[in-house]
Every structure is written in C-alpha cells, then in structure tokens.
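Mind assembling these two chains? They're in different frames, but the hints should get you there.
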Amino acid sequence: MANVNDAYDIALNVIERVGRALGASGFVSISHAHASGISYNNIGRPGLEFIEELVEKGARVRVFATFNPVGVPLDPRPLIDYDVEYSEVEEQHRIINLLIKMGFHFSATCIPYILRRPKPKEHLAWGESSAVAIANSFFGAYTNKEGGPLALLAAIAGVTYNAGLHIATNRKPKIQVIVPRPENEVDAGLLGYLVAQKASEIPAVQCLGGWRCGFTCFKAFAAAYASFSHNAHFVIVGVSPESGKVEGDNKIVIDEEEVEMAREKFSDVNVEDVDVFYTGCPHITLGEVFRVIRLVERAKTIYRKKYEVWVGVPGYYILRRWWVKVRDYAMRRGVRLLAGTCPVVMDVRKFVDRVATDSVKAAFYLKVRHRLNVKVSTLEQYLGLKRNG
Amino acid sequence: MAKMFVISGRTIVEGEAKAKLFIVKEPISFYGEVDPNTGLYRDGRNMRDRIVVAPGVRGSTVGAYIIYAMKKYGVAPKALVLGNIDPVIIVGCVLTSIPLITVDRVKLNYVFEQACDDCIGEVRALSTGLASIKIVC
Chain C
1 MANVNDAYDI
11 ALNVIERVGR
21 ALGASGFVSI
31 SHAHASGISY
41 NNIGRPGLEF
51 IEELVEKGAR
61 VRVFATFNPV
71 GVPLDPRPLI
81 DYDVEYSEVE
91 EQHRIINLLI
101 KMGFHFSATC
111 IPYILRRPKP
121 KEHLAWGESS
131 AVAIANSFFG
141 AYTNKEGGPL
151 ALLAAIAGVT
161 YNAGLHIATN
171 RKPKIQVIVP
181 RPENEVDAGL
191 LGYLVAQKAS
201 EIPAVQCLGG
211 WRCGFTCFKA
221 FAAAYASFSH
231 NAHFVIVGVS
241 PESGKVEGDN
251 KIVIDEEEVE
261 MAREKFSDVN
271 VEDVDVFYTG
281 CPHITLGEVF
291 RVIRLVERAK
301 TIYRKKYEVW
311 VGVPGYYILR
321 RWWVKVRDYA
331 MRRGVRLLAG
341 TCPVVMDVRK
351 FVDRVATDSV
361 KAAFYLKVRH
371 RLNVKVSTLE
381 QYLGLKRNG
Chain Y
1 MAKMFVISGR
11 TIVEGEAKAK
21 LFIVKEPISF
31 YGEVDPNTGL
41 YRDGRNMRDR
51 IVVAPGVRGS
61 TVGAYIIYAM
71 KKYGVAPKAL
81 VLGNIDPVII
91 VGCVLTSIPL
101 ITVDRVKLNY
111 VFEQACDDCI
121 GEVRALSTGL
131 ASIKIVC
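Going down the list, the sequences are from chains C and Y. With the first letter of the first sequence counted as 1, position 295 gets the number 295 in my numbering; the numbers rise by one all the way through. With the first letter of the second sequence counted as 1, position 79 gets the number 79 in my numbering; the numbers rise by one all the way through.
One chain only, chain Y, in its complex shape (with noise of 0.2 Å):
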C-alpha cells in the first residue's frame, strides 16, 4: 500500500516543484562532489530534476556558481529540502529560481527511514514563509 505524508518547513526561496526524490544522509558540498555538466553525484546518481534532500550544505563559496550552472546547462534539481543552510547555497537558488526549504531535524531523519528515490515529493514554499513537502511512496 502507498504510503503518504507532509512534512512542514520555512520557506526561503519560494515556488513548487514535484519529482521523484534524491536523498543523500550527509552534507553535501556542491563544489566538488556534483559536476554541473551533467548533474552527477559523487556516488554516481544524477540529481537532474530530482528534489533533493539532505542534512545541510559545506564547503566553498564557488558553490553557488556549480548551482548557476546546473540550471545553465538544464541538469539542476527541481527543489532542494534541507536541514541547515548558509549563505552560498541560498545565493545560488535565488539567482537559478530553485525553491529551497529548511526542515528541521528530527522530520529530516523520518523522512531518511520512511523514503527512498523511488518516492514522489511535491514541494509548495510560499512567500508568506509557510512550506511543505508531501512525500507520496
């Protein structure tokens, strides 16, 4: 049986987006680990139109760059639901448009024992602040 649920977050770069999920259970840093020409994790998975999930975000300031040109050569995810931000990749999907959303912690780690990539996310960050991420398995 198909299994369903919402989780709640903040906004901080609104829009909506739905596609299947990418989860990665560690920080990631954009500069390094993903190539902004095809949109390849280091483990060998492609985040291309995929919302990807994860505890937060390390490394560089030229992060924000590798996310301008994912979006640049049409390999950037859909949306992106993480657990702590910084200022780069905030920098960087504000200039691509990529809706981003905080949750915290504790629903990130339901979220990493009940999904997998096979599951359907369903981003809606609104302006006022308010976000949510449907999951659908």
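Chain C with its partners taken away, still in its complex shape (with noise of 0.2 Å):
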C-alpha cells in the first residue's frame, strides 16, 4: 500500500540534490506551486508515467498548486468549424486528472497570479517563464524559473532550494537600460525582446517619460523578456517595488529605431493577409475578453468585414456557470475563446498559417516552433481602428 511518503520523500530527495549540484543553502518554504510542463504533446508517454507513478506513491500536494495550459483546448466548441481531429486528447485529460487527484487547482493558465495573488518577499516554485518574471518583477515575490518536473515536486515537498533569485542579494540589478516610453502592448513586447538580447545580467530599465503603459503592457514585457532572457527577473523603475539603482555606470540606451528592426522580424506578412489574429499569450482575464468583442462589433459596423480573432483564456473558466453564456456570445461576433490552452501549445498549424498577434513571445513560437508567418500587431491595427477612438 502506498504511504503518503513515499512521493514526498522522493520529491524531496530530487530537490535536495538539484539544490546541491546548483551551491543551494537549503531549502525554503513555498507558498505556491505552478507547474508547466504538462502538455501530453510535449512530455509525451513518459512525462505522463512519470506523474502516474507519483500519483501511486501517494504524491499531495503541501501547498497552494496551479498548472500551466495544456496542448488541447478544454472547451472543444469554439473551433468545431474547423473541423480537426484532436489527437492524444483522453492522454491530456488522464494528466489533468492526475494534477487534480493530487490537489492542484483546476487551473490551466499561464496567469496563476489571479487565483492567488503573490506578496512581495514570498517564496514561490513556479515553472512558467512569464509568470516568473511577473511574480518577480511586479509583486516583488521570489522564485526561481522551475525547470521540467521540479515545480511540481516542489508542490509535493511544499519546498523548494534556496538558491538562485531566493536569495535577496543575487536580486540586484546589475545593468541600467534606457528604453523609449511603449505606445502599446506590441512596443512594450518588442522592448522586452531588446532588453533582453542586450542585457545578460539583470536589468533595471529606466523608461523616458514614465512607464504609462499600465500592467497589460508590462505582462508583454515580461513574456517577451523571459522568452529570450535566462534571466527570470527585472526591474521596471517605478513600476517594480524593489529598488533599480544600479552600482556603477554599466548603461545601454535602446532607441525607437532598434524598435523599428525588431518589429519588422516579426513581420512577414501584412496585417491585412492574415488567416487570423490572437491575443492571450499570456492569457488574459473576462474583463479584457469584453473589450475585444466590444471592438470586433464596432469594427464590423464600420467596414461590414469579417474577423477571425481567437483569444486564450484561463482553462478554469470552463466550470463557471457564465462560461456557456460568453463562449457563445463570443462566437456569434466571431471570437473564439480557446479556453486552457494557447496557440504556442497546440498543434496549430493544422488551422492556419499566417497570424497576427499582439505578443512578441507567441510571435517568436509560432515563427520558430510551428513555422508559420507571423505579424505583431495590436487588435485595433488589426481592425482598422484608432485606438480609443
């Protein structure tokens, strides 16, 4: 008979060793585990036995768990129109089931965030490169990037090792960087991308003018930022509650011209050629899914055009007694929410092949993991609107 134990003497053994072979002091105590790396497409047969056999060993979770979007979306409906044959749909559920046996929320979302809002100084073992650098950067809470299976041992343990971003003094910035104010989500994207090709250490960025851009454009930074950073931490000055002040004159200055080239990497095609635009990577919340039908009916009154804009949302939603109701709603005005999952996770290419999208870190994926053509732009570029207009 398995004995509650056995799973957590492994997870524990697994993270004592990992935090040795990295110089860790320790361990320190969590308060929240995210797990990614739970996409069947991704981990396969063996990522799924691996999650059974703790599962057998009696593995529950120690403290508050979420997990990560999945590679199908939870909510079939939406895209019934296309018409593909999901594949390795009951393998994912079988994960999700496991997840939930060993008492991670139902959650399936990029943003754990929102169900559990971290405080600053906290202790956190989360695996979703995004929201790490938000958990650090906006709520000032610590955590490292967790790789593979670690965060969810980490959830078993209710531990994780203390080395890394846990320790305040390896949290400084070390390098100052001057970028122009964002406009947007995209500009706010494409500066996260710059920083992070041109600062190797942390960076504290000064932004001319103030950072008015509020949190949807610090979510692009971030997401971007931690796609091509091995860092899982920044400070936005003003912004970020620790201090940017930067020992020494280590300065880079990123200009709107560098804005410029990096916007046209991501643009193969024209905003007006593509198959279909999509927004939520990472994903976004019910009150932002409102603002995009609200423009795509005023778009539509305006030029009579047909859209296609698919939005990810938290898989969560799905078990809201609302969830229905929106889902349908979002239909008919051609907006297909893809609840649980995102296009960077599923195997898109069997839908389209040329995307626009207002995130730099999906344009980057879909570009380099699904070969597709891709062009960065906001939902009213898209439209053909002014912004608030």
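Hints were generated in silico from the structure; no laboratory data involved. Ideal placement from N, C-alpha and C gives every residue a C-beta, glycine not left out. Where hints are given, some of them may not hold.
Claimed, not checked - Some but not every residue of chain C turned toward chain Y, in silico, with C-beta under 8 Å: (1) LEU12; (2) VAL14; (3) VAL18; (4) GLY37; (5) PRO46; (6) GLY47; (7) PHE50; (8) GLY140; (9) GLY148; (10) PRO149.
To be verified - With the Cβ distance kept under 10 Å, some of the chain C side facing chain Y (calculated, not the full set): (11) SER36; (12) SER39; (13) ASN42; (14) GLU146; (15) GLY147; (16) ARG354.
As the list claims (entries may be wrong) - Just the calculated beta-carbon pair ranges, DEER-fashion: (17) C:ASN41 x Y:ASP43: 53 to 61 Å; (18) C:LYS245 x Y:TYR73: 15 to 23 Å; (19) Y:ASP43 x C:LYS198: 33 to 41 Å; (20) Y:VAL6 x C:ASN170: 29 to 37 Å; (21) C:ILE167 x Y:LEU126: 21 to 29 Å.
Here it is, written out as structure tokens:
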C-alpha cells in the first residue's frame, strides 16, 4: 500500500540533490507552486507515467498549486467548424486528472497570479517563464524559473532549494537600460525582446517619460523578456517594487529605431493578409475578453467585414456558470475563446498559416516552433480602428 | 599502443560507470534531438549504455522527461560528461541516478582531440564533489 511519505521523500530527495548541485544552502518553504511541462504533446507517455507513478506513491500537494495551459482546448466548441481531429485528448485529460487527484487547483492557465496574488518577498516555485518574471518583477515575490518536473515536486514537498533568485543579493540589477516609452502592448513586447537580447545581467529599465502603459504592457514586456533571457527577473523603475539602483555605470540605451527594426523581424506578412488574429499570450481575463468583443463589434458595424479573432483564456473558466453564455456570445461575433490552451502549445499548423498577434512571445514561438508567417500588431490595427477612437 | 589519460571534474550527480564513449562536439538538446524510445541521436548513432561527452546542453525544460523516458525504456546513457549544465539536465539525472560530471572546456577539447567513440571511459563521481574520467583508447 502506498504511503504518503513515499512520494514526499522522492520529491524532497530530488530537490535536495538538484539544490546541492546548484550550490544551494538548504531548503526554503514556498507558498505556491505552479507546474509547467504538463502538455502531453511535449512530455509524452514518459511524462504521463512519471506523474502516474507519483500519484501511485501517494503524492499530495502541501501548498497551493496550479498548472499551466495544456495542448488542447478544454472546450473544443469554439473551433468546431475547423473540423480538426484532436489527437491525444484522452492522455491530456488523464494528466489533468492526475494533477487534480494530487490536490492541484484546476487552473490550466499561464497567469496563476489571478488565482492567488503573490505577496512581496514570498517564496514560490513556478515553472512558466512569463509568470515567473511577473511574480519577481511586478509582485516582488521570490522564485526561480523551475524547469521540467521540479515545480511539480516542489508542490509535493512544499519547499524548494534555496538558491538563485530566492536570495536577496542575487536579485539586484547590475545594468541600467534606457528605453523609449511604449505606446501599446506590442511596443512593450518589442522592448522586452530588445532588453533581453542586450542585457546579459538583471536589468533596471528606465523608461523615458515614465512607464505610462499599465499592467497590460508590463505583462507583454515580461512575457517577451522571459522568452529571450536566461534571467527570470528585471526591474522597471517606478513600477517594480524593488529598487532600480545600479552600482557602477553599466548602461545601455535602446532607441526607437531599434524598436522598429525588431518589429520588422516579426512582420512576415501584412496585417490585412492574415488568417487569424491571436490575443491572450499570456492569457487574458474576462474583462479584457469583453473589450475584445466590443472592438470587433465596432469594426464590424463600420466596415461590414468578417474578422477572425482567437483569444486565450484560463482553463478554469469552463467550470464557471457563465462560461457557455460568454463562449457563445463571443462566437457569434467571430471571437473564439480557447480555454486552457494557446496556439503556442497547440498543434496550430492544422488550422492556420498566417497569424497576427499582439504578443511578441507568441509571434516568436509561432514562427520558430510552428513555422507560421507572423505579424505583430495591436487588435485595433488588425481591425482598422484607431486606439480609443 | 594504447593511450590512457585521466581528466578531473566536479560531481553533479554521483555514481560510477564504465562504457564506450559517445562524443558530441556541440550542445545537445535532449528534447527534439534524441529519441526516447530507442536512444538514437539525430545523426543516427545510439547513446544507449554509452558515456556521453559533450560541451553542454541546451533547449526545453522537457529534456528532463526525455532522460527519464530513456531510463524507463532501458536506452539511457551510462553517464554524462559535460562542459555546461542547466537545472533541467540536473533534474533528469537526479531522477534517474545517471552519474553527471562537469569538466572545464580546455580539458574537454583535449578529449575531443584525443578520443573517439571506440575509447573506453570510466567515470567516478564521488559524493565529495570530486570526479574523474579515465579514458583508454
């Protein structure tokens, strides 16, 4: 008979040995674990068997635990007229069931901070790179980017190894980066990409004229930055809770010309020629979904054209009472809600070839992983609307 | 005449192994480049029961699951001798108890010059942190 301590002992042992290899000083208790690497088309049968074995050995989570988006939409209805056979749905559902059996919250989202807001200086073990950057840089919580199965094991152990970004002195920015003020989330994403390329150490980003772009831009910056940097932390002066003071005069300036050059890199096609516009990388929330619907409706009344907009939303939305209503309301207006997944982890080539997106992270992965033609643009540009107009 | 030399390194995951070498002169991405069912590397060679010597690893966090799968299917390497490591490869080796040692780049280049896949390696990775690989060709 399996006993609860078997899985706990395995988890603790692995974390201890990984920590030792990385020069960690013991363990640190965490309050929230977020597991990535649970999409069946990534981890395959061995990953499934690994999780299965842990459950057989009595694995239970000891802390609040959530998991990342998976490889198939949890509600296939919005994409029904694409008539695609999803393979491996059963296996994907089995992985989710196993996680829930362990005590994970049914989340299937890359924005776990909407389920539990991290507190400053709180220790976490998160796996999803964009969420890790936001936890560190926006909320001031402490987490490394935990690879593969480690965040899962940390959920079971309730601790992780005490190294890297869990230690305050490792979190200080070492280089100052001056950037122009982003106008919208696409510019912010391009800045995230540029900063990651140019700063090899943790940057303190000083925005000329102040960061007057809100959390949407911060999220876009963080997602792009985390996709291209090996660091999982940055400071935006005036927004991040941590000090942006840099010792020495290590400084980089990024100008608007570089931003335009970066935009060219993610512009394989014209925005008028794309098959679909994707927003929701990282996932967006219900309020933002209604904003998208309103904009599409407005463009439709002006131009009387058909639009195709896909939106990535948290998977747990399908359990909400309003889900079916909202899903169908959106669908009637040409807005398809993809719950608990996103085109980056989906087998998206079956559906489309040319995609516009407001996410630099999504554009990058759609380009290199799925070999699609991409274009970064805001939803307003795709719809031919003026911002706030 | 047979040549023999010993290279020292640092233990990441302890253990001992003796096997033929599997030399790769560029960083390996286990996810995408190695078939977890057969142990075949993308150039057609098989790393099953070999000591993999490479400058480092790169790529997705899924790599840890690939190493785990290779062990499950009985096609895993006997040990890894690498220049650069990341947390992903550490988790993979810890889960499977495959010995993992790091050596510095200069010594690694010496191995690339002097050794081939037919050489026999003997890895000793001690829990004290000291590690070595003896190579006989």
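Which numbered hints turn out to be false for this structure? 1, 8, 16, 17 and 18
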